[in-house]
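**Q** Let's have the full structure, built from the sequences with the hints guiding it.
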Amino acid sequence: MYLHEDETMRIERALGQAVKSAERIQGRGYTNNRRWLVRLAHDRTAFVKHADDAITAEWLRREYEVYDALRLDVVPRVLGWYDDGELPVLVLEDLSDGDWSPPWSREKIDAVLATLRAVAGHAPPPGLPTARSTHMGEDNWPEVAADPKPFLSLGLCSADWLDRALPVLLEAARPEQLDGDSLLHLDVRSDNLCFRAGRAFLFDWNHAAIGNAQFDVAFWLPSLRLEGGPEPEEVADVTPELAALVAGFFAARAGLPVIPQAPMVRDIQRRQLEVALPWAARALGLPTPS
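Anchor point for the sequence shown: position 280 equals 280 in the UniProt record's numbering, and the numbering is continuous, going up by one each time.
Accuracy of the hints is not assured; some may be wrong.
Unchecked claim - Pairwise CB distance ranges (calculated): (1) Pro-167 - Gly-121: 31 to 39 Å; (2) Gly-85 - Leu-154: 38 to 46 Å; (3) Pro-263 - Asp-147: 19 to 27 Å; (4) Trp-100 - Arg-164: 37 to 45 Å; (5) Ala-54 - Asp-147: 27 to 35 Å.
If you are wondering where the hints come from, they were derived from the structure by calculation, not from laboratory data.
Just so you know, even glycine gets a beta-carbon here, dropped at the ideal spot from N, CA and C.
**A** Given below as structure tokens:
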């Protein structure tokens with residue numbers, strides 16, 4: 001695919017070498033970043049993420065800072081970086097020859113759990129926010145209680161069920177459940193995972209934070225089930241409070257207007273809520289949402 005002159009310039013400055021050809025990658029990721037698989041000299045390839053606007057530029061800068069600090073063998077290697085102050089470019093190791101899920105297997109699930117243990121055991125890079133201070137600590141069940149209409153418009157439960165369940169959900173999903181001192185990815189899902197040689201590689205690190213080591217596991221479980229994997233309870237022993245937090249995250253967002261910079265997000269949030277809400281209800285001993 002044709003690269004514009006300014007795109008070629010940024011990518012080549014990030015790499016320090018010429019680009020022979022580029023193939024645009026479509027349908028991966030929920031943001032408006034431009035993504036390419038580029039071919040270099042000696043038939044080597046690399047994955048390129050190019051910011052598309054001011055918001056994605058800031059996200060990409062955060063992601064690069066985390067990559068630059070990580071010393072883990074379950075993240076792609078950084079091959080280049082260029083920032084002209086407007087639209088930065090990040091170049092990573094090409095993992096396109098790896099295995100991508102779904103479908104899921106027990107071996108892949110175990111590989112993800114092993115990766116998340118390695119992440120939680122890695123010293124957090126300096127300057128990361130606490131998970132409680134990020135979007136994960138905001139807009140949860142209190143927002144649903146204040147204005148239940150967007151949530152109820154999804155049709156996943158009745159107003160009567162919500163009235164009965166809200167006191168329990170509000171008590172369980174307290175933001176301090178996010179607290180801890182472990183490195184967190186905060187966006188674990190199949191789009192951000194690739195499998196190679198029995199290991200699960202984790203990428204897209206712009207939301208990294210410090211908090212409860214179990215939260216990354218808890219947040220991943222609804223999407224795993226949505227893609228044909230086991231029920232959350234069959235994968236990991238997650239506290240009811242974290243199940244409530246995960247459900248509240250999706251409940252407070254899925255019914256809101258589409259995000260222009262990430263137009264697919266609301267739909268996937270609704271689908272994950274279809275798993276997370278009954279999971280939280282089971283974990284807390286609440287009636288099945290109806």
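**Q** Checking against the hints above, which ones are violated?
**A** Result: no hint breaks.
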